[in-house]
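So in our numbering, spot 1 of the sequence shown is number 1, and the numbers just go up one at a time.
There's no promise every hint is true.
[Claimed, not checked] Only pairs whose alpha carbons sit at most 25 Å apart, straight line, appear in this in silico DSS-like list of lysine-lysine:
#, residue 1, residue 2
1, Lys-20, Lys-44
2, Lys-60, Lys-24
3, Lys-44, Lys-24
4, Lys-60, Lys-31
5, Lys-20, Lys-31
6, Lys-44, Lys-60
7, Lys-31, Lys-44
8, Lys-60, Lys-20
Since the hints were derived computationally from the structure, they do not count as laboratory data.
All figures in this text were calculated on a predicted structure; none of them were measured in a lab.
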Amino acid sequence: MIEFHADAQNGEGLAVELYKNGEKVMSQAAKSGSVIQTPWMGMKITVIDFLDASQATESKVTPIELP
Numbered sequence: 001m002i003e004f005h006a007d008a009q010n011g012e013g014l015a016v017e018l019y020k021n022g023e024k025v026m027s028q029a030a031k032s033g034s035v036i037q038t039p040w041m042g043m044k045i046t047v048i049d050f051l052d053a054s055q056a057t058e059s060k061v062t063p064i065e066l067p
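Taking the hints into account, I'd like the entire structure generated from these sequences.
In C-alpha cells:
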C-alpha cells in the first residue's frame with residue numbers, strides 16, 4: 001500500500017509512505033516532480049502534481065501476466 005499525505009508544516013510537499021504486509025517500509029518527503037525509487041522490483045513513483053485540500057481515495061494495483 002502507498003499513502004500520500006500533505007505536508008502540514010509547509011504545505012508545499014507530500015509525505016509518501018510505503019507499506020508491506022501492514023508494516024511501514026519507507027517514508028520519504030516529495031514535491032511536484034519528485035521521483036521516488038521503491039524498494040520493490042525497481043518500481044518508481046513520479047509525483048506529477050498534488051492538489052491542496054484534496055480528498056482521500058483508495059486505488060488498487062492489479063497485476064497482469066506479461067505475454
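These are the hints, each one checked on the structure:
no.	hint	result
1	Lys-20 - Lys-44	16 Å, holds
2	Lys-60 - Lys-24	18 Å, holds
3	Lys-44 - Lys-24	17 Å, holds
4	Lys-60 - Lys-31	23 Å, holds
5	Lys-20 - Lys-31	23 Å, holds
6	Lys-44 - Lys-60	16 Å, holds
7	Lys-31 - Lys-44	15 Å, holds
8	Lys-60 - Lys-20	14 Å, holds
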